[in-house]
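Protein chains: 4
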Amino acid sequence: MGDVLTAEADLAGRYRAVRALSVALVAPLSDADASAQSMPDASPAKWHLAHTSWFFETFILAGRPGYRLFDDRFGFLFNSYYEAAGPRHARPARGLLTRPSLDDVLAYRHHVDAAIERWLPDFDAGARALVELGLNHEGQHQELLLTDILDLFARNPLEPAMYPPPARLAAHAPESRWRNHPGGIVEIGHAGTGFAFDCEGPRHQQLLRPHALAEALVSNADWQAFIAAGGYRDPALWLSDGWAWVQREGIAAPGHWRHDANDGWTSFGLAGRRPLDPAAPVTHISYYEADAFASWAGARLPTEAEWEAAAASEDAAGGNQLDRPGPVQPQGGSDLFGDCWQWTMSAFLPYPGFRPAAGAVGEYNGKFMNGQMVLKGASCATPRGTSRASVRNFFYPHMRWQFTGLRLAKDL
Amino acid sequence: MGDVLTAEADLAGRYRAVRALSVALVAPLSDADASAQSMPDASPAKWHLAHTSWFFETFILAGRPGYRLFDDRFGFLFNSYYEAAGPRHARPARGLLTRPSLDDVLAYRHHVDAAIERWLPDFDAGARALVELGLNHEGQHQELLLTDILDLFARNPLEPAMYPPPARLAAHAPESRWRNHPGGIVEIGHAGTGFAFDCEGPRHQQLLRPHALAEALVSNADWQAFIAAGGYRDPALWLSDGWAWVQREGIAAPGHWRHDANDGWTSFGLAGRRPLDPAAPVTHISYYEADAFASWAGARLPTEAEWEAAAASEDAAGGNQLDRPGPVQPQGGSDLFGDCWQWTMSAFLPYPGFRPAAGAVGEYNGKFMNGQMVLKGASCATPRGTSRASVRNFFYPHMRWQFTGLRLAKDL
Amino acid sequence: MGDVLTAEADLAGRYRAVRALSVALVAPLSDADASAQSMPDASPAKWHLAHTSWFFETFILAGRPGYRLFDDRFGFLFNSYYEAAGPRHARPARGLLTRPSLDDVLAYRHHVDAAIERWLPDFDAGARALVELGLNHEGQHQELLLTDILDLFARNPLEPAMYPPPARLAAHAPESRWRNHPGGIVEIGHAGTGFAFDCEGPRHQQLLRPHALAEALVSNADWQAFIAAGGYRDPALWLSDGWAWVQREGIAAPGHWRHDANDGWTSFGLAGRRPLDPAAPVTHISYYEADAFASWAGARLPTEAEWEAAAASEDAAGGNQLDRPGPVQPQGGSDLFGDCWQWTMSAFLPYPGFRPAAGAVGEYNGKFMNGQMVLKGASCATPRGTSRASVRNFFYPHMRWQFTGLRLAKDL
Amino acid sequence: MGDVLTAEADLAGRYRAVRALSVALVAPLSDADASAQSMPDASPAKWHLAHTSWFFETFILAGRPGYRLFDDRFGFLFNSYYEAAGPRHARPARGLLTRPSLDDVLAYRHHVDAAIERWLPDFDAGARALVELGLNHEGQHQELLLTDILDLFARNPLEPAMYPPPARLAAHAPESRWRNHPGGIVEIGHAGTGFAFDCEGPRHQQLLRPHALAEALVSNADWQAFIAAGGYRDPALWLSDGWAWVQREGIAAPGHWRHDANDGWTSFGLAGRRPLDPAAPVTHISYYEADAFASWAGARLPTEAEWEAAAASEDAAGGNQLDRPGPVQPQGGSDLFGDCWQWTMSAFLPYPGFRPAAGAVGEYNGKFMNGQMVLKGASCATPRGTSRASVRNFFYPHMRWQFTGLRLAKDL
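Chains as they are written, first to last, in the working numbering: chain A, 570 to 981; chain B, 570 to 981; chain C, 570 to 981; chain D, 570 to 981.
I should point out that these hints are in silico values taken from the structure, not numbers from a laboratory. C-beta: ideal position from N, C-alpha, C; glycine also. Certain hints may be false.
Stated by the list, open to error - From the structure, some residues in chain C lie toward chain B, with a derived Cβ separation under 8 angstroms:
id, residue
1, 754
2, 808
3, 914
4, 980
With these hints in hand, go ahead and build the complete structure from the sequences.
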């Protein structure tokens with residue numbers, strides 16, 4: 570599969586490629602795997618398959634002459650959070666939907682795909698823009714599908730693997746050098762005519778101070794040093810809410826890490842439980858942990874504007890070359906994209922001049938601009954071609970079931 | 570299938586029949602259906618299949634020369650609550666065990682069955698008693714398997730049916746006559762040499778007062794009258810904890826009942842949503858509801874001794890004729906067994922002289938003798954031949970996902 | 570003060586004595602002490618003073634020609650749980666009622682007392698029975714007032730004392746002898762014409778088996794042996810709900826016990842923190858603990874009928890000689906009354922033929938007949954003269970903020 | 570009392586004035602009023618009195634030769650959240666501390682005051698800076714003391730008043746005009762040598778866009794229009810977390826508002842329940858409500874930089890003239906200070922270059938820089954002279970027990 574979203578492929582070709590990828594992702598899963606929900610924040614894989622189809626059906630197909638809803642009860646089941654699109658099944662109860670079956674959901678996808686592909690040549694610009702949005706929306710859910718399955722498998726004492734472990738050469742952790750920036754006014758936010766989510770704009774100026782960003786992501790070896798230094802036991806390093814979280818949840822290491830007397834540190838990923846790779850970037854850390862680590866290191870997290878300015882100054886495309894989800898191959902050059910989402914110290918708030926779109930689609934991002942922190946980059950689970958320097962991912966500060974890591978920054 | 574547990578069949582034949590019934594019960598279920606857990610009180614169907622096998626493996630096979638554990642991790646996964654048998658997977662997380670798959674669990678059953686059947690001819694009396702206990706234990710889980718699936722399907726907006734609806738003649742609700750008892754000393758508790766659970770004994774004397782029991786179970790029509798009279802809105806009818814439960818949960822009808830302007834009252838069962846049958850016994854009511862109904866009716870619930878005395882005075886066998894789980898056919902004669910479990914006003918406490926058995930098997934019933942109420946009889950989901958007059962079923966007073974109903978009593 | 574409730578004193582005299590005792594009890598308390606609520610199960614002392622007055626006002630005075638409500642908002646504030654008496658302030662929020670002040674509440678008491686005393690000579694039998702009920706009701710709240718203050722002070726790191734420690738000779742723990750009973754039919758429940766709460770009747774027959782009761786209460790020294798033997802760490806001794814409670818709450822000793830390296834075991838009471846008296850009866854234990862102790866001791870708890878039969882066979886009056894609340898003086902003879910309430914293995918359920926009274930007063934006991942266990946006797950905080958052999962105190966099995974202990978029983 | 574904190578008074582004089590104000594504030598309170606805690610976010614008035622004294626004792630006096638701790642148990646009781654100062658009493662249990670009494674706490678204050686006043690002339694610059702910090706800290710607690718009492722009294726069905734209602738002329742709501750700002754680089758943060766909290770600096774540049782701020786605060790009349798337009802029922806106006814909060818808590822009006830058929834809208838304040846003043850600024854609204862109102866009005870909230878730039882452009886001093894806490898007198902000129910704290914759309918995050926101080930005092934603000942929103946200005950309960958343009962107050966977005974309101978902003 571090529572670079573499905575940013576390449577010159579026509580919209581129909583990209584539609585087919587994105588939709589096929591979702592189906593390919595669930596190939597290793599059983600019907601039960603695809604139906605279970607590990608926690609309220611996660612969704613079943615089957616639900617992701619259905620919800621992404623509901624998105625196309627509801628916002629593009631429904632009401633179009635000649636289109637017949639696949640099942641008029643699915644609107645209730647597979648609406649995620651769009652108040653304007655009507656009532657919906659309670660999120661924490663998605664794992665109880667053992668029916669429709671995975672086969673039923675695949676038939677639903679086929680039904681929607683057939684209608685989109687039939688009518689796509691005749692779509693006007695508005696509908697084509699919604700298809701584009703739907704494809705990028707599906708890219709986000711592809712990543713969530715993988716991270717939600719990881720969370721499910723991590724809670725199973727049998728620790729199943731979704732993929733075989735990659736044959737990989739031992740990575741060498743890059744030396745941690747600082748890249749300086751002189752400060753001044755920069756422009757950030759989406760520019761140009763390509764696709765972007767609403768919250769990536771408007772493009773606008775920000776005033777930066779002189780600062781430096783670390784070239785390398787914080788590694789597992791770095792994090793082992795933090796643990797060994799008592800980082801999880803020193804309240805002075807932590808935000809107040811973070812310290813309460815550490816104590817309440819008994820947190821003492823990144824998500825899925827385990828220490829055995831015989832085996833030392835291991836971590837659990839889509840390829841099962843594996844010895845910890847010291848050179849790999851740390852992942853599955855919360856914002857609280859990222860902030861505490863930075864305090865311990867005498868540094869801080871970057872702002873989103875600093876991060877985006879750094880991304881603009883290099884050929885970002887080279888860092889974003891995943892052919893498929895799964896552990897990323899070490900590669901020369903930047904690791905801005907493709908290893909892990911990187912916590913910033915910026916709260917997810919509207920850019921100056923931001924206005925949500927009218928209608929249900931306007932609920933896409935704006936209503937979440939509260940209490941969450943921005944992450945930049947892309948992870949090993951992000952479909953190739955779907956991230957950009959201007960992408961603003963966001964999660965609550967305690968969440969860490971995504972592939973989340975950090976890069977240090979400091980004032981100059 | 571004949572009357573598998575009480576007939577003269579030899580132990581090996583009964584073993585095969587009981588074990589086959591469990592597998593037959595899940596035939597209508599998908600892998601996802603069999604893996605989901607609707608609430609902490611319920612368990613996945615797949616878990617019931619595995620746990621009942623774990624029971625035979627742990628208490629009979631494990632440690633026997635020549636027996637190889639099927640998977641040494643299954644002890645952790647499928648122990649229910651036996652502290653003496655070691656640590657175990659958290660009950661509310663059983664629905665996350667999408668692996669082992671249903672096929673894996675069926676292979677586990679085959680492995681255990683082969684070992685039991687090979688060695689059964691050589692078992693001593695102690696081991697044979699444990700096989701007997703295991704079969705009766707599995708009978709209990711067969712009922713739970715059905716009621717847990719019913720609870721799961723009832724929470725699915727698609728309301729799937731497990732079985733086709735039965736072709737049945739309209740039942741006529743029996744007239745509600747009273748059967749008097751003069752009181753005096755009676756004997757209750759298990760007698761004789763057949764199988765009984767530990768809590769059914771010792772047999773002992775109880776002093777009854779003159780009283781009467783209703784011949785008929787309270788029907789759906791009776792319950793509609795209670796609703797129409799405002800029974801769910803009058804605190805004077807309710808126990809204090811019951812009234813708090815009604816208000817907190819917004820209870821206004823038995824479980825799975827729904828009232829639509831067009832369709833009137835319907836209820837949901839293993840055959841899907843169906844019009845309410847006024848003549849059928851009401852089911853899916855809590856102890857709180859049973860007690861409130863009795864207060865409204867100017868009556869009370871029976872004690873377990875009163876109920877058992879009534880059962881002893883008739884040929885109980887005739888009332889317990891289920892060939893298979895599923896809605897019971899109306900039948901002449903007593904409805905003590907086979908329609909629904911009947912709440913009594915007796916708390917589940919030890920009979921005089923009761924002592925739990927030594928070892929893990931002693932955890933079977935004794936440690937639950939607190940806070941729960943006794944139910945007598947058997948329901949439409951109870952495997953034929955597994956109930957007795959002396960059986961003491963028990964649940965907390967707010968629970969109603971079983972087929973639970975009531976019969977009235979009064980003092981004379 | 571004499572024996573205010575059981576003596577020959579006329580009703581007016583007893584009214585004055587009981588009402589005066591409540592006021593005397595709060596003398597050591599500040600306005601803040603009297604207003605705070607330590608937990609949802611407890612009430613502020615000031616609230617007890619007001620609620621007991623509300624009882625007289627609502628059920629006897631309100632509506633009587635010439636009576637003016639002291640404050641028409643007090644019905645909302647000081648109704649405890651009487652649904653028939655209208656809506657009420659939420660129980661867990663009683664500690665927020667810093668107004669009315671303690672002085673206001675004392676004025677309220679004076680207003681009610683003046684009206685009762687003026688009209689008492691003219692009251693008919695029904696009203697006199699309600700006065701009697703109100704006085705016994707107030708006796709119950711006097712005990713709760715003391716135990717609620719104890720719970721409040723126990724949660725204060727300063728550990729204030731309400732009373733000075735008694736000058737007492739070291740008690741000698743009585744030898745633990747068994748008193749046998751041959752079994753047979755006995756009568757229990759209230760008899761005669763004196764006052765009793767509704768739930769103490771009807772008097773009725775019960776069939777006892779041959780059994781023995783320990784003459785002595787379980788002592789602190791006995792309990793230290795249970796702790797030393799690992800009683801709190803062995804799940805085999807515990808009810809399932811009890812074991813969950815022990816683990817969830819981290820229970821390892823009776824309420825208010827503390828072990829310091831230097832001081833050994835101490836306990837906290839109304840006279841502050843004191844060295845543990847090995848000979849004194851253990852108190853502040855839950856039903857779960859009482860049951861586990863009995864299992865460990867190879868015994869069981871008595872039934873309420875066994876306990877009452879024992880009380881009937883001795884001169885119960887001698888065991889109930891408290892002149893005032895506070896640590897009881899050791900005394901020769903029975904300790905059935907006056908040291909601590911004694912858990913039985915009987916659930917609090919209606920006696921045969923029990924019917925709640927009509928109207929709000931009928932909510933007194935009947936609606937609590939669910940999920941709670943009966944305690945017999947009386948504690949050091951029970952006002953002298955207010956207990957009887959037929960009294961049925963009741964609490965949920967996890968509760969232990971009262972002076973609760975146990976006496977062992979065994980089958981013969 | 571003059572303008573105690575900003576005037577030229579020497580430090581000793583200001584110390585006496587601030588400390589005396591705290592004691593004066595509790596004059597209308599009973600011991601019980603001063604001891605109760607209305608919710609975990611609030612503290613008892615007595616606790617505020619003690620904690621502010623503990624601050625001086627712990628950070629300035631403790632360890633100084635010749636100083637004797639008033640009570641060595643008070644460190645445990647009255648530490649708020651300083652991890653470096655040792656363990657502490659659980660925050661939600663502060664209302665259980667009926668001892669020490671209010672008189673004890675006043676004696677504690679006297680003890681601390683005597684020591685500070687004796688040694689103040691000899692204090693070095695570091696100690697004097699800590700006194701300054703302690704006085705400003707106490708100013709913050711004076712406001713909290715008032716708002717916490719308001720919250721307590723609002724939960725009491727008797728609705729007590731702390732102060733008599735002010736004799737005030739009907740205010741005229743100012744016309745809502747916009748004040749434009751051309752944008753560009755501005756400096757914000759504390760400048761100069763006067764006192765400021767750590768989080769107010771470093772002073773730094775921010776880039777503003779052209780925008781306008783409303784001259785007037787949003788009034789009660791404005792809010793009534795929002796309610797009448799269905800603002801609380803339209804999810805499109807709300808942040809996702811805000812909408813969940815509205816539904817979960819049943820929010821339909823600002824805090825303490827009530828609508829009666831006869832009386833119309835009333836609100837509850839320190840002077841009791843009063844008819845709503847349409848011209849007064851709305852208060853007791855959460856960030857969620859402020860944001861929803863702004864969306865409904867087609868505007869937005871200001872950023873903290875925009876607000877501070879506006880304050881810098883006028884003589885802020887004139888707007889901050891409270892002689893005492895209590896409802897503010899309408900005054901000509903700006904209402905930036907003194908009516909209510911004003912929500913901004915800025916998250917409470919560190920200013921560029923911010924570093925917490927070393928030691929326990931460094932826990933003052935930095936560890937709360939997560940999940941909270943900045944408020945600017947000052948309220949009617951803010952002691953005169955304690956606010957500044959650079960002050961950054963902060964609360965979680967659902968909190969509204971403070972005097973919180975809003976001012977609109979828009980892009981140009």
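Here is how each hint holds up against the structure:
no. : hint : in the structure
1   : 754  : holds (7 angstroms)
2   : 808  : holds (5 angstroms)
3   : 914  : holds (6 angstroms)
4   : 980  : holds (6 angstroms)
The structure shown violates none of the earlier numbered hints.
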